[in-house]
Amino acid sequence: MSGILVIAEQRRGELRPISLELLGAAASLRRDGDEVAVAILSDSPERFVKSLSVGGADEIVTVKVAAPEFDPDTFESAVGALIAKRNPDLVLVGHSVDSFGYAAALAARLGLGFATDVFNAERIDGELVATRGGYGQKVNVEVDFPGRSTVLLAIRGNVYKAPDQAATPRVTTFDAPPADNRAKGREFIELSAGDDVDMTAAEFILTIGRGIGEEAKVPQFRELADAVGATLGCSRPIADAGWLPKSRQVGQSGKTASACKLYIAMGVSGAIQHLAGMKHVATIVAVNTDAEASIFSVAKYGIVGDIFEIADELRKLF
Amino acid sequence: MKILVAVKQVAALDEDFEIRGDGRDVDPDFLIRDLNEWDDFSLEEAVKIKEAAAEPVEVMVVSVGTDEVDESLRKCLAKGADRAIRVWDAAVEGSDSIAIARVLAAVAQREAPDMLFAGVQSSDQSFASTGIAAAALLGWPHAAVVSKLTYAPGASSAVFRRELEGGLLQEVEIQCPAVLTIQLGINTPRYASLRSIKQAASKPIEVLSLADVALSEADVGEAGSLSRVRRMYVPDKGRAQLIEGDAAQQAARLAEIIREFKGARA
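Protein chains in written order, with my numbering: chain A, 3 to 320; chain B, 1308 to 1573.
Worth flagging that the hints you see were computed from the coordinates, not collected in a lab.
It is possible that some hints are incorrect.
[Unchecked claim] Computed list of lysine-lysine pairs in DSS-like fashion (alpha-carbon distance at most 27 Å, straight line):
1. B:K1355 <-> B:K1510
2. B:K1357 <-> A:K140
3. A:K318 <-> A:K140
4. B:K1357 <-> B:K1510
5. A:K87 <-> A:K66
6. B:K1355 <-> B:K1455
7. A:K140 <-> A:K163
8. A:K281 <-> B:K1569
9. A:K318 <-> B:K1355
10. A:K302 <-> B:K1357
11. A:K163 <-> A:K318
12. A:K186 <-> B:K1455
13. B:K1544 <-> A:K302
14. A:K163 <-> A:K186
15. B:K1455 <-> A:K263
16. B:K1544 <-> A:K281
17. A:K186 <-> B:K1357
18. B:K1357 <-> A:K263
19. B:K1544 <-> A:K163
20. A:K87 <-> A:K219
21. B:K1355 <-> A:K186
22. A:K52 <-> A:K66
[Said to hold, decoys possible] Residues of chain A placed beyond 12 Å of chain B at every Cβ, according to the derived structure:
23. R32
24. E48
25. E61
26. A132
27. A273
[Said to hold, decoys possible] Not everything, but these chain B residues come out facing chain A in the computed CB check (under 8 Å):
28. V1333
29. P1335
30. G1401
31. F1434
32. A1440
33. H1449
34. L1471
35. S1516
36. L1533
37. P1542
38. A1559
All C-beta atoms in this analysis are idealised placements derived from N, C-alpha and C, irrespective of residue type, glycine included.
Let the hints inform the model, and build the full structure from the sequences given.
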């Protein structure tokens, strides 16, 4: 039993970035003699071969399945069959919405060692040890997998670097057993605009979070954002409450603020999904009354103070 | 018709917490307990379905834990759950999310609901795996991160939206009974009224042992888990450079940062 099996992710014809990050993780975990195989499931898997041809992969396994997009039954049965056939000692998937839908099911059914949201994995005295966050990311938790010959890890995104050199891994095919698709994807829906803002293009975003307390406070921050020249954004609870349209939500499940370079977060404590979606930003300034708020661990600058006072003072200067 | 809602009492850390003597968890004296935020939404979804249904629907909540969990179960009863079940045995101590899923699946087997809801994840350990693992153990269809649901109790299928990354949604049709993990924001959870809180205080909570749900000690705890906690510790975190001074001074420095950014861009 040996080798590492990486499960790539694709959506609507595009390889998802986590796929290559998983190859980066595999590279850090491989031992002498370990082969790294990356499997891609699609109705036309060949079209992803080129983008998967990077250093770190010895083999690309194209798995042709009936469903063009992710569905849990297809993944469970195909990945399960791959594991049975190849007997890897490590299987890596992304800690993503797709893997939320099948990884735990697979692990429970096959009795695989299992950990999710893993941001570090290493071998200590030959034993695989995975590190994840606990108690709202306030502590680190090291877990191991005694007695498990195959371990499935769901790796957090934006942690491991994708290999940057091209390579020519060998390409093989795998015939997946037919799956009984009990959940059928119908269509994709883009988050409705709500208003005409484009968070993906915004370079300077001022975001409000739960700390604003009530809906009546929204207009004063909208006015402040306008005055300083920022696009007003919000964290999930504000959008969920309907205080601002969903199109203004930033973080992992909101719009990807890919162009953002300056990010001022006011009253945002920093749920892990929010931080994961914003940590690429060069300059993050966090304003929060709670000095222990998680957002201060990713921010470049921090202001511990009352967001309304800071907002008032800042407004006077523009 | 019956909807089973799996709930968890989560723990947040006190400001000055300490790690337990064996180094594998936080000393329980420093934990502040509450109902998991996600579970508030899955319970509300079940209660909404019940209220809209033409036929009677029973909303049942289930949790795994000691009698400390009763507080959260009563909260659920006050917010519209009809019945509450709690499963506990000392052997459950040390269970990972998969061992907990085994208990939940066993309860579902016993209760035969038309649908099982769980939160996408818990706010304390964020495994995002319990509900889906329970589905696998039951052999039921399943889907994760449901942000909108259309379902009539007893129907052979349901239609929902799955919330993907980057502001994308997917509409999916699923066969029932199924396990769905429910995302924040799918609805607006209600507050419990004083009257319902009072009523909930006198409703019974059914307490089950492992034997009651046809499980043995080997199914739970470390033996029934797919991982084991080796060590828990406080990490050295990156720390923001703090801007000191009074509000006016702090705002002045913030204005400077904004102007530097704009200058660099111009």
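Does B:K1544 pair with A:K281 here, judged by a C-alpha cut-off of 27 Å?
-> Status holds; Cα separation ~14 Å.
At a threshold of 8 Å, is the proposed contact between B:A1559 and chain A supported by beta-carbon distances?
-> holds (7 Å)
Is the shortest C-beta separation between B:A1440 and chain A less than 8 Å?
-> holds (4 Å)
Double-check B:H1449 for me: the hint is only fine if its C-beta lies closer than 8 Å to a C-beta in chain A.
-> holds (6 Å)
Mind checking the alpha carbons of A:K318 and B:K1355 for me, to see if they're no more than 27 Å apart?
-> Between A:K318 and B:K1355 the Cα gap is close to 47 Å, so the pair fails against 27 Å, i.e. violated.
When you check the alpha-carbon spacing of A:K281 and B:K1569, does it fall within 27 Å?
-> Status holds; Cα separation ~20 Å.
Between B:K1355 and B:K1510, is the straight-line Cα distance small enough, at 27 Å or below?
-> holds (21 Å)
Keeping to a limit of 27 Å between CA atoms, is the pair of A:K302 and B:K1357 held or broken?
-> violated (48 Å)
Taken at face value, is the distance from the CA of B:K1510 to the CA of B:K1357 at most 27 Å?
-> holds (19 Å)
How about B:P1335: closest beta carbon in chain A under 8 Å, or not?
-> Violated - the Cβ of B:P1335 stays beyond 8 Å from chain A, reaching only about 12 Å at its closest.
Is the hinted pair A:K163 and A:K186 satisfied, with a Cα-Cα distance of at most 27 Å?
-> Violated: A:K163 and A:K186 sit about 33 Å apart, past 27 Å.
Pair hint outcome, B:K1357 versus A:K263 [Cα-Cα no greater than 27 Å] = violated (47 Å)
In summary, the structure is inconsistent with hints 2, 3, 9, 10, 11, 14, 15, 18, 20, 26, 27, 29, 30, 35 from the numbered list given earlier, while agreeing with the others.
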